[in-house]
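Asker: Residues per chain are reported as follows:
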Amino acid sequence: MTERHMTERLRLRPGEHHEIRLPGRGAAGYVWSSHVGGDADVVAVSLHAAPFPADWPPQAGHSADEIATIEALKPGQATLVLEQRRPWEQESAALEHRDYDITVA
Amino acid sequence: MATYGEIRRLLRETDARWQTAATPADDEQVPEFPLGASPPADLAPAEQTAPLDLAALLREHPTANPMLAARRVALGLAVQSVDPAAAALAEPLTGTDAAGASALVDWRNRWGTSWVTGVRDQNPCGACVAFGTTAVIESRTRIEHAVWTIRSEGDSHDGIGYKCPDGSWPTTYFDWIRDHGLADPGCWPWTPADEPYAPTPDRPGRTVKIDGGTALGSIQDQKTWIDTVGPVAACFAVYADFFAHTTGVYHRLSDDLRGWHCVAVIGYSDYEQAWICKNSWGPGWGDHGYFKIGYGEAQFDTYPKYGVLATNPDPLTKRRMHNGNLYESGNGAAHRNFEMLATADGPRVKHWWREGGAPYPWNQATEFGSDCAYCPTLTSTSYNRNFETVYLTTGGRLHHWWFDQNTHGWKDGGVFGPADAAGVPGFIQSNYGAPGNFEVVVRLAGGRLQHWWRDGGGNWHPGPVFAAGVAHSGATLIQGNYGGRGNFELVCVLGTGQMQHWFRANDSGGGWYPTAVFGGGVSSPPVMIQGQYGMTTENSIGNFELCVAAGGRVQHWWRNNTYGQTWTMSAVFGHDVRAVVGMVEGSFGFNLEIVVLRTDNRLQHYWRGGGVWNEGPVIGSI
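In order, the protein sequences belong to chains A and B. Residue numbers are given in this note's numbering: position 46 of the first sequence equals residue 46, and the series is strictly consecutive. Residue numbers are given in this note's numbering: position 443 of the second sequence equals residue 443, and the series is strictly consecutive.
Any given hint might turn out to be false.
Stated by the list, open to error - Some chain B residues judged to face chain A by a derived CB distance under 7 Å, without partners named:
1) Gln-122
2) Pro-124
3) Gly-126
4) Val-129
5) Cys-164
6) Gly-167
7) Val-238
8) Arg-258
9) Gly-259
10) Gly-289
11) Trp-567
Stated by the list, open to error - Every beta carbon over 10 Å from chain A, so not counted as near; a handful from chain B, in silico:
12) Ala-46
13) Leu-89
14) Pro-92
15) Ala-198
16) Ser-269
17) Gln-273
18) Trp-281
19) Gly-346
20) Thr-394
21) Gly-511
22) Gln-565
23) Pro-617
Hint data in this document are derived by calculation from the structure and do not stem from the laboratory. Quantities reported herein were computed from a predicted structural model and do not represent experimental measurements. Where a beta carbon is used, it is the ideal one built from N, C-alpha and C, also for glycine.
Using the sequences and the hints, build the whole thing.
Answerer: Below you can see the structure in the form of structure tokens.
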């Protein structure tokens with residue numbers, strides 16, 4: 001079930017913000033989580049929901065996409081893993097999994 | 001909020017009424033999401049929904065569920081006779097609200113049984129509405145027709161044309177199901193894959209039909225509906241903290257909207273000021289897949305909820321619950337008419353039917369055939385819900401006829417079978433193929449049994465000959481739910497006057513095997529069903545129920561399929577009985593109903609309610 005993407009390389013300058021849009025499946029119970037490795041203090045990662053379009057009526061089953069924002073803090077190398085899974089199914093494989101190698105220089 | 005630790009802190013600080021999971025570490029993230037949804041553009045909020053004239057609706061749809069009838073009468077919503085024992089059972093032990101509705105309803109455990117199918121998983125699609133609406137239909141079918149049914153969320157989701165991520169609203173589903181019915185997983189299953197919708201060709205004959213969804217605007221209408229009709233579908237906003245909910249009454253602590261969701265509301269508790277809901281995120285989420293949510297929380301009461309009143313189960317749903325010459329069809333306003341075939345004027349066959357509402361008159365329909373030796377074995381199949389019958393001919397063969405639901409006429413299906421048939425045929429539609437094969441087992445003149453089957457092309461084939469010393473075969477053949485496919489089961493009467501139970505192991509080679517020998521002094525064909533007693537869930541194995549005449553009376557036997565698998569005689573009743581010819585467990589509160597052939601060649605109805613067998617009317621002469 002896990003959808004794994006190729007490792008993507010990102011090159012950022014200190015102070016730069018980079019956004020990654022992630023498919024939301026919150027209405028089925030799935031949320032994204034982030035895990036930073038390497039020089040963990042090189043970047044700060046936060047996750048936010050993308051807003052529903054203003055003219056979009058709610059439809060049960062629709063989920064807001066999510067946006068991971070990477071803030072480059074200082075020069076160095078870090079890895080970022082983004083995983084989508086249900087909070088109560090931590091032992092299961094992630095539904096979707098994305099890997100990033102980040103260079104801040 | 002960003003972590004489980006913060007949720008835990010909020011729960012503590014706000015004196016919250018719900019709990020979160022114990023497993024995740026405090027620093028584990030619960031992602032943050034801003035609010036973003038707009039007010040609905042094309043959906044009327046609940047307060048704009050017209051008040052419901054439930055009494056008028058229920059007058060058109062009187063229920064055969066005796067406890068439900070008692071609730072409706074108690075609330076002044078119906079005028080119908082109520083069984084005193086059922087009324088006592090239905091009395092709300094936890095009090096009522098100001099309008100008279102029960103203060104606490106939980107259809108998982110109401111009146112001594114569950115009416116809610118198990119928790120399923122929409123994983124990972126946006127198909128929650130398919131799951132919520134399917135759950136409502138499954139519960140309503142059990143409540144109204146006293147039978148578990150398993151429907152497929154994939155049938156409606158894919159039939160409408162939705163893809164995995166697509167959202168929707170209950171009205172879209174209930175409208176589609178009103179027009180097309182809702183099939184079982186064997187016809188078209190739920191899968192997350194976006195495969196082209198290709199149900200089996202017999203889909204029209206294997207759907208539960210409904211009359212559409214009814215919008216319920218006010219909380220009082222919703223509660224009264226849940227109390228007197230059944231579960232409803234509801235949509236609400238999912239906020240980030242909802243994922244972490246396990247037990248207690250959820251109330252929103254987060255502003256982070258994650259999406260819109262639909263569930264089945266299976267009850268409510270005024271004491272906790274909460275709805276009781278069945279989610280579709282698997283049994284690992286929440287409280288074993290269920291949750292309670294406070295009235296009005298997360299926009300739960302912002303939009304109408306939707307219920308289903310009339311359900312009309314398909315022949316496959318009811319296929320184990322009738323045998324012999326009697327069948328409860330989906331015909332009639334209440335979808336619970338009885339259909340019966342009996343010999344008439346010698347070798348003719350007469351079609352009788354009983355209206356599904358009071359005063360339950362029996363009526364005579366058409367006659368057909370000219371070679372019938374004994375009361376036919378009647379069923380209904382996934383061939384367009386047609387009635388099908390096989391009987392022993394006066395010439396020692398078997399004869400198949402079918403009732404075309406489109407033209408309302410009986411059509412000759414031809415003579416087949418052994419040249420020396422000498423007993424009452426068991427006759428069913430099995431799940432081999434779609435439409436399923438026909439299966440017949442009949443006694444041969446030499447005292448053995450032979451299995452015959454008809455393939456999807458309409459050709460009959462002889463199967464194995466088995467058993468010995470058989471004096472009577474009967475309308476006892478059923479495909480129960482032992483094993484993955486479901487074994488064939490039958491009981492015959494031996495020359496010793498004892499009965500013998502046989503089964504065919506359909507998961508392991510298909511051989512016929514003898515099992516228990518029981519009873520004694522029997523010299524007439526038995527009738528057997530697999531009923532709903534013992535089925536605590538939709539996947540439980542119901543007990544076998546058997547009635548047979550002995551010494552001018554009826555013996556009722558049953559096999560406890562939950563404990564011991566032993567045959568026990570529970571009652572002897574009736575008088576002047578030559579043979580039991582038909583048996584049904586129908587929509588009438590799990591009652592067993594039989595038709596007997598009397599020694600004066602008249603047919604009589606008996607029924608069991610509340611554990612007591614009652615003598616019904618003499619229907620007519622054969």
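Asker: All hints are to be evaluated individually against the structure, with a verdict given for each.
Answerer: Hints versus structure:
1. For the restraint placing Gln-122 (chain B) at the interface with chain A, the shortest Cβ-Cβ distance is roughly 5 Å, inside the 7 Å limit, so the hint holds.
2. About 5 Å separates the beta-carbon of Pro-124 (chain B) from the nearest beta-carbon of chain A, less than 7 Å, and the hint is met.
3. Hint status for Gly-126 (chain B) relative to chain A: holds, with the closest Cβ pair at about 3 Å, below 7 Å.
4. Because the smallest distance between the Cβ of Val-129 (chain B) and any Cβ of chain A comes to about 5 Å, under 7 Å, the interface hint for this residue holds.
5. The beta carbon of Cys-164 (chain B) is not positioned within 7 Å of any beta carbon in chain A (closest approach about 9 Å), and the interface hint is therefore violated.
6. Interface restraint check for Gly-167 (chain B): the shortest CB-CB distance to chain A comes to about 3 Å, inside 7 Å, so the restraint holds.
7. Hint on Val-238 (chain B) holds. Least Cβ distance to chain A is approximately 6 Å, under the 7 Å limit.
8. Annotation: Arg-258 (chain B) was flagged as interfacial toward chain A, and the flag holds, the nearest CB pair being 3 Å apart, inside 7 Å.
9. Hint on Gly-259 (chain B) holds. Least Cβ distance to chain A is approximately 4 Å, under the 7 Å limit.
10. Among the interface hints, the one on Gly-289 (chain B) is violated; its C-beta lies about 10 Å from the nearest C-beta in chain A, farther than the 7 Å criterion.
11. The closest approach between the C-beta of Trp-567 (chain B) and any C-beta of chain A is roughly 45 Å, which is over the 7 Å cut-off, so the hint fails.
12. Against chain A, the non-interface label of Ala-46 (chain B) holds: every CB pair exceeds 10 Å, the least being about 14 Å.
13. With 10 Å as the threshold on Cβ separation, the claim that Leu-89 (chain B) sits away from chain A holds: the shortest Cβ distance comes to roughly 35 Å.
14. Distance to chain A confirms Pro-92 (chain B) as a non-interface residue, since its nearest Cβ pair spans about 31 Å, more than 10 Å.
15. In this structure Ala-198 (chain B) is separated from chain A by more than 10 Å, as the shortest Cβ-Cβ distance comes to about 23 Å.
16. With a cut of 10 Å on Cβ distances, Ser-269 (chain B) stays outside the contact zone with chain A, its closest approach being about 23 Å.
17. No Cβ of chain A approaches the Cβ of Gln-273 (chain B) within 10 Å, the least distance being about 23 Å, so the stated non-interface status holds.
18. Residue-level check failed: Trp-281 (chain B) sits 4 Å from the nearest beta carbon of chain A, not beyond 10 Å.
19. The non-interface label for Gly-346 (chain B) is consistent with chain A: the shortest C-beta to C-beta separation is roughly 61 Å, beyond 10 Å.
20. The claim that Thr-394 (chain B) is not at the interface with chain A holds, since no C-beta of that chain comes within 10 Å of its own (minimum 61 Å).
21. A cut-off of 10 Å between C-beta atoms confirms that Gly-511 (chain B) is not in contact with chain A; the least separation is 39 Å.
22. With a least beta-carbon separation of about 37 Å from chain A, Gln-565 (chain B) lies farther than 10 Å from that chain, consistent with its non-interface assignment.
23. With a minimum CB-CB distance of about 49 Å to chain A, Pro-617 (chain B) clears the 10 Å threshold, and the non-interface call stands.
The structure fails hints 5, 10, 11 and 18 (numbered hints given earlier, in ascending order).
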